[in-house]
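Engineer: Between the sequences and the hints, there should be enough to build the whole structure, so can you do that?
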Amino acid sequence: MDWLLRLEAAPDDAELKAAFEAWLAHSEANREASRVMGHTWRRLGDVARPTPVVRVARPRWRRRVAAAAMALAACVALYFFPALQMRVLADHMTGVAELREVVLEDGSVVHLDAGSAIAVKYAAAGRDVALLGGQAFFEVSSLQGRPFRVRSGDVTVTVTGTAFSVRSSERAVSVDVQSGTVEVSGGKGAPTVLTRGQRAVVDRASGGIVQGEVAPAEIASWRRRRLVVHDATLDDVIEELGRHHAGLILLPDRTLGRQLVSGVFDLTRPVEALTALAESQNGKLTEITPYLLVISGR
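First residue of the sequence shown: 0, per numbering that gives the first Met the number 0; consecutive thereafter.
Any given hint could turn out to be false.
[Unchecked claim] Dumping the calculated EDC-like pairs for lysine to aspartate or glutamate here, alpha-carbon to alpha-carbon at most 16 Å:
1) K120 x D105
2) K187 x D153
3) K283 x D252
4) K120 x E97
5) K120 x D90
6) K283 x E271
7) K120 x E104
8) K283 x D234
Calculated from the structure, these hints are not laboratory results.
Structural biologist: What follows is the structure, encoded as structure tokens:
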């Protein structure tokens, strides 16, 4: 969105246009981001632009439409900004609906979900991976004296050799253990130790840790293009499905977003899954454009 705003402000700037073309040529992910932003921007139309005519008082409905358009543009900008930040910092990153397996120098394997990114820093004293966004499943090679650490914000997961997943969201960090033992720190109090079939959810705001159980076979089910959830909030499930949909999904109703849902969803059909979720809560899915979906109550 930053590129669109800059080009809109200076349409005759040849140097800016050349820089934009270079950015597009850098990767397919950049070109896809440009297509999505451009499509949404065009659908917003010119409702918020002044026109070169005699100024008259705008009808109230036009002011509301203009305000809505600008708010939507802001949402789109907020949607793309974290991805651009991740792109700068990441050593490995996935795009929409893309899964990737990364083999690290010690033989450890990282499975990246769609829309996820990591930065890797290995040293003699330890192996550090920063989960910059999204989620990943780790199969860690055991190396005595070189602990393997995954960091997401203030939360650190420390292991020697094990298999586990870490999910990073705006509100929390979730850790699920498929095998071995992990230590989760960064919350309030002493570190929490997890073993096979256990889960810890660390609230970013409060630092509180909630422990629970999880079926090992269901951990990181996204590796099989399936999303398995039990009593997850609608907000969280939409965030998961959003990694597999090329566009923005809005849920303005905060109360609706906090509703708990369960189910198994096909990640190759995110729109169908979103439709089913909305209907299960007596809501509806509205397609503004193929790149902009809105879930609301009826």
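Engineer: Now tell me if each hint is right for this structure.
Structural biologist: Hints, verified against the model:
1. K120 x D105: 12 Å, holds
2. K187 x D153: Holds - the C-alpha atoms of D153 and K187 are around 11 Å apart, at most 16 Å.
3. K283 x D252: 12 Å, holds
4. K120 x E97: The hint is violated at about 23 Å.
5. K120 x D90: 10 Å, holds
6. K283 x E271: 12 Å, holds
7. K120 x E104: Holds. K120 to E104 sits at ~11 Å (cutoff 16 Å).
8. K283 x D234: 15 Å, holds
The earlier numbered hint that this structure contradicts is number 4, and it is the only one.
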